[in-house]
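So the protein sequences, as listed, match chains A, B and C.
First residue of the first sequence? That's 40 in my numbering, and the numbers climb one at a time after it.
First residue of the second sequence? That's 40 in my numbering, and the numbers climb one at a time after it.
First residue of the third sequence? That's 40 in my numbering, and the numbers climb one at a time after it.
Warning: the hint list may mix true and false statements.
Claimed, not checked - Keeping only pairs whose Cα atoms sit at most 27 angstroms apart, straight-line, the calculated DSSO-like set for lysine-lysine is:
hint: 1; chain 1: C; residue 1: K261; chain 2: C; residue 2: K201
hint: 2; chain 1: A; residue 1: K81; chain 2: C; residue 2: K81
hint: 3; chain 1: A; residue 1: K201; chain 2: A; residue 2: K211
hint: 4; chain 1: B; residue 1: K81; chain 2: A; residue 2: K81
hint: 5; chain 1: C; residue 1: K269; chain 2: B; residue 2: K81
Simulated from the structure, these hints should not be mistaken for laboratory data.
Because the structure is a prediction, the values reported are computed rather than measured.
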Amino acid sequence: MVTTTWNRRHVLSLEDFSPAEYETVLQTAASFQEVLSRRTKKVPALQGQVITNLFFEPSTRTRSSFELAAKRLSADTLNFAPGTSSMTKGETILDTAKTYLALGTDLMVIRHREAGVPQAIAQEMDRLQTNVGVLNAGDGQHEHPSQALLDLLTICNLLDPKVPQLSLLKGKKVAIVGDILHSRVARSNIWSLTASGAEVHLAGPPTLLPRWFADFVAEAEKTQPDVPRKLMMHWQLEPALRDADFVMTLRLQQERMTQHLLPSLREYHQQFGITGDRLKLCKPDVKVLHPGPVNRGVEISSELMDDPNFSLISQQVTSGVAVRMALLYLMGSGKPGGEA
Amino acid sequence: MVTTTWNRRHVLSLEDFSPAEYETVLQTAASFQEVLSRRTKKVPALQGQVITNLFFEPSTRTRSSFELAAKRLSADTLNFAPGTSSMTKGETILDTAKTYLALGTDLMVIRHREAGVPQAIAQEMDRLQTNVGVLNAGDGQHEHPSQALLDLLTICNLLDPKVPQLSLLKGKKVAIVGDILHSRVARSNIWSLTASGAEVHLAGPPTLLPRWFADFVAEAEKTQPDVPRKLMMHWQLEPALRDADFVMTLRLQQERMTQHLLPSLREYHQQFGITGDRLKLCKPDVKVLHPGPVNRGVEISSELMDDPNFSLISQQVTSGVAVRMALLYLMGSGKPGGEA
Amino acid sequence: MVTTTWNRRHVLSLEDFSPAEYETVLQTAASFQEVLSRRTKKVPALQGQVITNLFFEPSTRTRSSFELAAKRLSADTLNFAPGTSSMTKGETILDTAKTYLALGTDLMVIRHREAGVPQAIAQEMDRLQTNVGVLNAGDGQHEHPSQALLDLLTICNLLDPKVPQLSLLKGKKVAIVGDILHSRVARSNIWSLTASGAEVHLAGPPTLLPRWFADFVAEAEKTQPDVPRKLMMHWQLEPALRDADFVMTLRLQQERMTQHLLPSLREYHQQFGITGDRLKLCKPDVKVLHPGPVNRGVEISSELMDDPNFSLISQQVTSGVAVRMALLYLMGSGKPGGEA
């Protein structure tokens, strides 16, 4: 295992992640990628620890990824099922979290449709002087840190298959395309990509990338004055794609249409859908990422999605298990039952 | 492990529990509390055994508690999910239970909204000459034995942190407040608390503690003539709280209002809600219990619920895992795959 | 373990199963029956492997059977829950399968209400040059191979408790009764039973066993010309039951009535329900099978279902775990993490 230090109890946001923390996650994940290439893909690192998935917003793929990461660390898992829960019985979210704390949970992985819920639970865990760590698995339109970290690992693996490092992305041009406004994936990626020194170009229609988002961009550029951030906004696809090294398309929620933010899926695809033709604007070895699940023919053409020369979508899913193992390991290894 | 004898195949009700059985559960649970304080919180006691949670009535917190108890005993678990079940396909409850028997279940944990279902399944298991044990995890308005046993352990832990014993409760005054009529938790607690020699005071509005409940009380006092039972009914809160050592509030189902059993939640809280002010009637070191999930501001004030000087609610959840490990261990250890 | 060869990556259908493959499954299952009779019922055969249950059509009993089989082989399991899935988010079935592939799945167990879905996923796994195996756990009205194999094992166990072999069934008369048209269980059993040399008699009302089904029968008789197939159709119960050694009743979906395929359940029971009286037409030691869940008093009388002298229903459920262990073991043991 990597011997770098890690002092973070919770992983709630990448906004204040330091370069050293990114490196620690990348290197720990790389060591778990090595484990996952072995005949026996399990390590006893978190044996006897309990990891609870509190998914107030249902999600099969992300929950499966965390569940598998936990199992491969030999932890026990509990799953909170929203449909059959006490939530319908009037219990507050904090009381539900405290119940799982009292049951013996060591780490909580939390997803909720409201921004700030994982933060609120983490604060409560600290206030109660527990050493339970909270991992944000997606909160409203705020952040989804493990998704951005798996995107980072996927890109780094491509740039240097041996040692993933933040600096590999320096000067690379990354386009993030689509529903920026509603995307927690975009927000987390903005922090990690700008921290790496990449040039980040946001592109989307004005309804999904409103002009006032420039305030967020300006704010983001100020937060770490020692790392000059390169973050630009476009309301057309072309300037974002031109000479891009990586294109991240975002999932388009179908309800955006009923909210009158879009005329039709077809029109969206015509303006912002990623196709083989459009990729000709990019670097010849450009790669495409998507957090999934994909609406084929909307965010990305079906042919492009299945083209292994361009699509990194499967690699993202695979990287996700290694990154989540790394996060759970780093958060959990200082606890009783964790490796010393 | 404790070396006391245990001859009970099923745990369906506390009505006929003997003092020796209470002591065995308490001492076995205490030994598991010691396990749960270790670095590695698992024991191989039930390795290879299959524990099936047949929760016909959904319950996240109780199911999670049983699931974690089973995992910490190294058993394998199966969960029966009512929503996606054969129940909608016309299969009878007994046939569902027999299917899980034939799959290889060693112990069944059963919750159902109708009283008597766990008993019926236990009878069927005996009739078929299996040695499968059945644990009642709540049946209608009848009983919820593991809840009363975890309440008992929680109280005993407080009275003597070293050795939990039934006799610690002798002469203590315990108030059970609220919807007695519909509460399986109250019924199970009545048996365990009166068996301990505590003085039990029931308090609630006449709609939720009807006068005919006196028949149940009279019956309860007769069942074990060698242990004089002290059980009283009140239709006001004050006489129950006066000089009480412990106050158990019961969950109020919101549907009680639509059934015209209550004018409003606010009015209920005014008459029977537990608050810091009202606790001044009790002993100075009084403690409050609640089986959860709590309706804050209804059964108990929000401030009181969060006050660690008075509230035992978190301890109850924690005790639950140890008590359920004890019950599963005692029921399962004589079986193939269990410890000798 | 059995040392016979096994070259099949997927188990999708029994139509092209060879006699040697049937024997391998039967003997491997028998060796796992021996494991299941031990004190510790687990083997480390698939430790570190991930088996994903993709049950697009919900099924508690079949999923529990596969889940327990996987656990007893020490595999890790992931469950795809249709209600809370990306399916509602517009993702295609193949993309869902590819996500679970990328997560690290070694074997997929797939149920879907449309015929052909497991086949399509298996083709995709091959096209992507993975070595992931796909097991069909029921696809529409097509096939349910593991059900027919557990029926076969159940019957063989009865005919020779020591060594289950296909040839034991040679010349036996087996009646399959009920909703043949809509039954994937019937179709899989037709392949396994005719392959064994048994005489198979199908019986049902013309709405559920239409005359054009004769085309399927004719086709089935041609597929393996070296094994003469004996397969007959009847629109009355009596000729099928006369001197039968085994009677398989099929589950009647209640929606068949709303589809005007049946006048009433009562009428169906009068014409095709299996009762003690009707069994007098059969051999004296006749046995009855049903894939479950049973509509008591419809497909079979309640008394007969509970009569251990005639009913093999519990044995079928028990055989299911051994057969599924065998299939998962055979499909998975050549993989990394599987036994050499």
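Now for the hints, and whether the structure bears them out:
1. For the suggested pair C:K261 and C:K201, the alpha carbons sit about 33 angstroms apart, so the restraint of at most 27 angstroms is broken.
2. Between A:K81 and C:K81, the direct Cα distance comes to roughly 18 angstroms. Compliance with the 27 angstroms bound is thereby established for this hinted pair.
3. Straight-line distance between C-alpha atoms of A:K201 and A:K211 comes to about 19 angstroms, which keeps the hinted pair within the 27 angstroms bound.
4. About 18 angstroms separates the Cα atoms of B:K81 and A:K81, which keeps this hinted pair within 27 angstroms; it holds.
5. In summary, the hint linking C:K269 to B:K81 is not supported, as the alpha carbons are separated by about 56 angstroms, beyond the 27 angstroms threshold.
The structure fails hints 1 and 5 (numbered hints given earlier, in ascending order).
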